[in-house]
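Chemist: We have chain A; now place chain B onto it with these hints.
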Amino acid sequence: MPDAPILQVSELNVFRGATHVLKDVSFEVARGELVALIGANGAGKSTTLLALSGLLPARSGTARMTTDEGTIELTRASTETIVRNGLIHCPEGRQIFQSLSVADNLALGAYTRTDKDWIAQTTEEVYRLFPILREREKIPAGALSGGEQMMLAMGRALLGAPKLLLLDEPSLGLAPKVIDTIFDVIAELRLRGVTILLIEQNAAMALEIADRAHVMEHGRVTLSGTGASLMENDRVRQAYLGVSA
Amino acid sequence: MSQYLFQQLINGLALGSLYALVAIGFSMIYGIVRLINFAHGDLVMIGAFATLGMLFYGTPWPVTLLVVLLVGALAGAMIQTVVFRPMLGAPQVTGFIASLAVSITIQNSALMLLSGQPRNFLFPEAMRQRVSLGGVSASLTDLVIIGLTLTLIAILFVIVYRTRLGRAMRATAENLMAARLMGIGVNRTIVAAFAIGSALAAVAGLFWGGKFGQIDPLLGSVPGLKAFIACVIGGVGSIGGAMLGGYILGLAEVLFVGLLPQAYAGYRDTFVFSLLILILLIKPSGLFVRHVEERA
Numbered sequence: 001m002p003d004a005p006i007l008q009v010s011e012l013n014v015f016r017g018a019t020h021v022l023k024d025v026s027f028e029v030a031r032g033e034l035v036a037l038i039g040a041n042g043a044g045k046s047t048t049l050l051a052l053s054g055l056l057p058a059r060s061g062t063a064r065m066t067t068d069e070g071t072i073e074l075t076r077a078s079t080e081t082i083v084r085n086g087l088i089h090c091p092e093g094r095q096i097f098q099s100l101s102v103a104d105n106l107a108l109g110a111y112t113r114t115d116k117d118w119i120a121q122t123t124e125e126v127y128r129l130f131p132i133l134r135e136r137e138k139i140p141a142g143a144l145s146g147g148e149q150m151m152l153a154m155g156r157a158l159l160g161a162p163k164l165l166l167l168d169e170p171s172l173g174l175a176p177k178v179i180d181t182i183f184d185v186i187a188e189l190r191l192r193g194v195t196i197l198l199i200e201q202n203a204a205m206a207l208e209i210a211d212r213a214h215v216m217e218h219g220r221v222t223l224s225g226t227g228a229s230l231m232e233n234d235r236v237r238q239a240y241l242g243v244s245a
Numbered sequence: 246m247s248q249y250l251f252q253q254l255i256n257g258l259a260l261g262s263l264y265a266l267v268a269i270g271f272s273m274i275y276g277i278v279r280l281i282n283f284a285h286g287d288l289v290m291i292g293a294f295a296t297l298g299m300l301f302y303g304t305p306w307p308v309t310l311l312v313v314l315l316v317g318a319l320a321g322a323m324i325q326t327v328v329f330r331p332m333l334g335a336p337q338v339t340g341f342i343a344s345l346a347v348s349i350t351i352q353n354s355a356l357m358l359l360s361g362q363p364r365n366f367l368f369p370e371a372m373r374q375r376v377s378l379g380g381v382s383a384s385l386t387d388l389v390i391i392g393l394t395l396t397l398i399a400i401l402f403v404i405v406y407r408t409r410l411g412r413a414m415r416a417t418a419e420n421l422m423a424a425r426l427m428g429i430g431v432n433r434t435i436v437a438a439f440a441i442g443s444a445l446a447a448v449a450g451l452f453w454g455g456k457f458g459q460i461d462p463l464l465g466s467v468p469g470l471k472a473f474i475a476c477v478i479g480g481v482g483s484i485g486g487a488m489l490g491g492y493i494l495g496l497a498e499v500l501f502v503g504l505l506p507q508a509y510a511g512y513r514d515t516f517v518f519s520l521l522i523l524i525l526l527i528k529p530s531g532l533f534v535r536h537v538e539e540r541a
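Protein sequences, first through last, are from chains A and B. Number 65 in my numbering belongs to position 65 of the first sequence; there are no gaps in the numbering. Number 475 in my numbering belongs to position 230 of the second sequence; there are no gaps in the numbering.
Bound conformation, chain A alone (with noise of 0.2 Å):
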């Protein structure tokens, strides 16, 4: 079935200790698309990835990935073999190895990758669009600017060859420059071909570049459509853009 969505979610329910976080979400990512999920703190868009990535069991519903090397169920499988089989997740908070050298969070981005050629051959694709990067090889992440490691976190999840890519706010903190720097890497994977869904705080950037958002409130997924469909609709404007009625 090569045209079946990349991601599918379905009925989706996740407990984080007591408290019911997602309430049968469901949503589809086709392959090659965009797609952002925009909503409040707390609306459960971080909960989402951490459970498509298995480091959230799953109450109940389903989420399956499915690439021309097959489908693979997300709630089944372990965190390791749903990376081996190309969803990278880029964290909140970028999450970089703080006293490892550059150099080595990228290899680590790697770590399921087998192929030393194509190792290097993407390396040095990750150092020319972030030529910072190669400057700083050999200094620890953790001394790196925010938008530096932010920049350090995208090479190293491009590293893990993504068929599907997981972006957690990767605006939050940053410079408005360092932002479009960004979003301009997020626009070339784009047009490349990787799959990605974006989180993202700053709602009106996020349904610019998506093909399809859907907002998430308490959980659910209330809303769905095409970035600029949502960017005309009157409570995403209010609530999100910040648009009075």
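Just so you know, these hints were derived from the structure itself, not from any lab. Please note that a few of the clues may not be correct.
Unchecked claim - Across the chosen pairs, the derived CB separations fall in these ranges:
hint: 1; chain 1: B; residue 1: Ser382; chain 2: A; residue 2: Arg134; range: 47 to 57 Å
hint: 2; chain 1: B; residue 1: Leu523; chain 2: A; residue 2: Lys138; range: 31 to 41 Å
hint: 3; chain 1: A; residue 1: Thr114; chain 2: B; residue 2: Ile400; range: 24 to 34 Å
hint: 4; chain 1: B; residue 1: Leu410; chain 2: A; residue 2: Ser10; range: 34 to 44 Å
hint: 5; chain 1: A; residue 1: Asp117; chain 2: B; residue 2: Val381; range: 55 to 65 Å
hint: 6; chain 1: A; residue 1: Lys138; chain 2: B; residue 2: Ser519; range: 32 to 42 Å
hint: 7; chain 1: B; residue 1: Gln337; chain 2: A; residue 2: Gly17; range: 17 to 27 Å
hint: 8; chain 1: B; residue 1: Leu319; chain 2: A; residue 2: Ala204; range: 51 to 61 Å
hint: 9; chain 1: A; residue 1: Leu55; chain 2: B; residue 2: Phe341; range: 22 to 32 Å
hint: 10; chain 1: B; residue 1: Leu410; chain 2: A; residue 2: Phe15; range: 28 to 38 Å
hint: 11; chain 1: B; residue 1: Arg407; chain 2: A; residue 2: Glu69; range: 29 to 39 Å
hint: 12; chain 1: B; residue 1: Ala510; chain 2: A; residue 2: Ala103; range: 45 to 55 Å
hint: 13; chain 1: A; residue 1: Glu208; chain 2: B; residue 2: Val327; range: 45 to 55 Å
hint: 14; chain 1: B; residue 1: Tyr302; chain 2: A; residue 2: Leu55; range: 47 to 57 Å
Quick caveat, the model's predicted, so the values are computed rather than measured. Ideal placement from N, C-alpha and C gives every residue a C-beta, glycine not left out.
Modeler: Coordinates of chain B only, in the frame set by chain A:
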């Protein structure tokens, strides 16, 4: 250099080697899962008795060394898999108490199986000779212990800083969640850290028996406690710090006894613990750690 001072230095370095071997494993385990493992010293005892068993069957020393490394690694891997793996993510105190339980279980099982009777084993005749080096002499046993320890530590550093496994261990130690997201099998990586650390402790048991000539089922308590102190001195969680902490502790103990009048010799442990308190007052994160890391 006077023979006396030289002798004390070699003694201190040999004792420091034993402490360093135990402390490094203690520190690796703390580093990767934030577990204060009070059962770690008992791996020294397991290593010592494994050596005794091998000698009973007349196994040659190089083979014995390899077998002891293997026994330690297997014991460490087993303890981690059975006891500590289910506690990953539990509060730190849970693991700490469990490690006390493991320690008591190992010690009492050993008492039941092997009896409390101390046993003797010695390094072969050839290794107990003294060698002269330009006017001073040292026991070959001490020199072998120091040499082998440094070799093992060098191999460890290559593993930790130059291999894929080592990189995965450092990543897991720093950020468990991010390590998972890299596709690292963190359970395997944690087992590897336990196995390597425990193998080093078991070799310390082989050296312990060879140096002091006598072993018993409770012999692990002292090296376990001293390793803990060495880690605190050097900075717990850091391999280099644990190693240096071990050598500092060994040298300090021997020089304290050797250079002060005989009457003070009985205060050896008082001195060691005072040193610990002093270092904690001056540099609470340890001498060789640049910053206090907090885990998110």
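Chemist: Would you say the C-beta atoms of B:Ala510 and A:Ala103 sit inside 45 to 55 Å of each other?
Modeler: For A:Ala103 against B:Ala510, whose Cβ atoms are near 51 Å apart, the range 45 to 55 Å holds.
Chemist: Mind checking the hinted window 28 to 38 Å against the Cβ distance between B:Leu410 and A:Phe15?
Modeler: Roughly 35 Å apart at Cβ, these two residues keep to the hinted range, so it holds.
Chemist: Taking the beta carbons of A:Leu55 and B:Phe341, is their distance inside 22 to 32 Å?
Modeler: holds (26 Å)
Chemist: Between B:Tyr302 and A:Leu55, does the beta-carbon spacing fit 47 to 57 Å?
Modeler: With a Cβ separation near 49 Å, B:Tyr302 and A:Leu55 satisfy 47 to 57 Å, so the hint holds.
Chemist: Are A:Glu208 and B:Val327 spaced within 45 to 55 Å by their CB atoms?
Modeler: Cβ of A:Glu208 to Cβ of B:Val327: about 54 Å, so the range 45 to 55 Å holds.
Chemist: Taking 17 to 27 Å as the hint, is the beta-carbon distance of B:Gln337 and A:Gly17 inside that range?
Modeler: Because 19 Å falls inside the window, the suggested range holds.
Chemist: Falls inside 51 to 61 Å, the C-beta gap from B:Leu319 to A:Ala204?
Modeler: Taking Cβ atoms as reference, B:Leu319 and A:Ala204 lie about 58 Å apart, which means the hint holds.
Chemist: Using the C-beta atoms of B:Leu410 and A:Ser10, is the stated range 34 to 44 Å upheld?
Modeler: 38 Å Cβ-Cβ, so the 34 to 44 Å window holds.
Chemist: Do A:Lys138 and B:Ser519 keep their Cβ atoms within the hinted range of 32 to 42 Å?
Modeler: The hinted range 32 to 42 Å holds for A:Lys138 and B:Ser519, with Cβ atoms some 41 Å apart.
Chemist: Quick check on a hinted range of 55 to 65 Å for A:Asp117 and B:Val381, using CB atoms only.
Modeler: Cβ of A:Asp117 to Cβ of B:Val381: about 56 Å, so the range 55 to 65 Å holds.
Chemist: A range of 47 to 57 Å was offered for this pair. Does it hold for the Cβ distance of B:Ser382 and A:Arg134?
Modeler: holds (55 Å)
Chemist: For the pair B:Arg407 and A:Glu69, does the Cβ-Cβ distance stay inside 29 to 39 Å?
Modeler: Roughly 32 Å apart at Cβ, these two residues keep to the hinted range, so it holds.
The structure meets every hint from the earlier list without exception.
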